[in-house]
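Per our numbering: the sequence shown = residues 1165 to 1611.
Keep in mind that the hints were calculated from the coordinates and are not lab data. A couple of the hints might just be wrong.
Claimed, not checked - In silico lysine to any residue, SDA-like type, Cα no more than 25 Å apart, as pairs:
| no. | residue 1 | residue 2 |
| --- | --- | --- |
| 1 | K1585 | D1606 |
| 2 | K1344 | D1546 |
| 3 | K1485 | E1415 |
| 4 | K1344 | G1238 |
Claimed, not checked - Distance ranges between label pairs, derived from CB positions:
| no. | residue 1 | residue 2 | range |
| --- | --- | --- | --- |
| 5 | G1281 | T1548 | 46 to 54 Å |
| 6 | K1602 | Q1254 | 53 to 61 Å |
| 7 | A1469 | D1224 | 48 to 56 Å |
| 8 | D1546 | D1224 | 39 to 47 Å |
| 9 | T1386 | K1602 | 14 to 22 Å |
| 10 | E1437 | D1310 | 48 to 56 Å |
| 11 | D1345 | G1301 | 24 to 32 Å |
| 12 | G1238 | E1527 | 17 to 25 Å |
Think of the CB as a built atom: it goes at the ideal place given N, C-alpha and C, for glycine as much as any other residue.
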Amino acid sequence: MKRKALSVLLQLSMLATLLSGCGSANPNAAQTEAPKETVTADQSAGETNSESPDEKAGSDEAITITYANFNASGGNEATLDSMYQAFHEQNPNITVDIETIAMDDYFTTLQTRIAGGTAPDCFEMNIENFAAYASKGILADMSDADASGLNQTALSAFQYDGKQYALPENFSTVILVYNKDLFDQAGIDYPTSSWTREDVDKAAEAIRALGDDIYGIYQPVTYNEFYKVAAQYGGSLVSADGKTFTINSEENIKALQSMVDRVQKTNVQPTEEQMGGMGDWDLFESGRLGMIPTGTWCFNTFTDACDFDWDICVEPGQTQKATHFFANALVVNNDASDAAKEAAKKWLSFLASSNEAAKIRLEAGWDLPAINDMDALSGYLDITPPENREAVFESLDSLVLPPIITDYSQMSDIISDAVSKAASGASTAEEALNEAQKTCEDQITLQ
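Whenever a hint applies, use it, and build me the whole structure from the sequences.
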């Protein structure tokens, strides 16, 4: 795509109004234990902190702040350290102790430290937990932080009660990845941005007919996929005013039924038994899966693992398109000292929006920085595969997020249990959503 077209796409995305709140995949920490990995970013700098953290940081006053994150865990610790080194060169008076914690432990560890008054000065936050933390006064107001280099759509996702409580660190969207070789073998056209879910189903059936161990599509019947597909049918989990649950609406029932039918009725999607313990990415990489809606973070893995041609397009909807939006937030601890807050805002602004950090992030193939600089992003489109990387930005025009409620985790758990029953055949789609509707109404009070 030409740079002008990319600029238009991102400008259009800034007009999106559905991002006045936020939500995304829900990572639940399973246990409390010490962080699995700690990276102290200032070790190579050889500096010590001689100032009290409670003193106001002036331009030449040295200060050390602490930063905890989960996103670098498992492969990007060095990338994050490179970002810090670039920041420290520009801000030699600010030393950042970086602690990288495995995702499974992150939120339990963070909650324990917050309760004990030992939380880091600033830290990473996932999009679905953001509102709960902001509503409890844990996060500092970041309205005065430098956000001039950030994409306004992504920025608005982290506003709460009219204030900016976080900066978007990155963003990813979900797109439809497809095996071009299987489409060629089936003699059918490749997916396009005009496709609907019905078009996907027809293509999936044609690919399924190629062999007993070949499948058309894999889209797990889970909470995260359900709320998106519900939006594709015009449904939602909560009413527009946020006061009523609408889990068992007609649109939502149709959405869940369409997901279940792919497994139980047409079998274009394999059952758990047919998967035989294989993961969905593994099935695609084996060349036996026609389509998979998944995130942009798959690109490097599929490039290395797939020995067939593949590409992407905007994920088809039904009555409308709806695309997952994933982003991590950078937040400041409201209990940090004034000096630490100011230093933290400088560090987080650099991490989120500087061209230096963006360049490091893109070269590492980590994820997309949520910036508005076209020059910094243009090189991303030149990387192949996939050829149609424009679809990543086109997807910004149809973002959908789960509702912003304080008891988000409880709601998602209830709905997850319901859709699992439908997927297994223990309940019909309607029965499952009726049960989820009643349970949420009984246990959760909406504002």
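>> Under the constraints set out in the numbered hints, which ones does this structure not fulfil?
In response: 4 and 11
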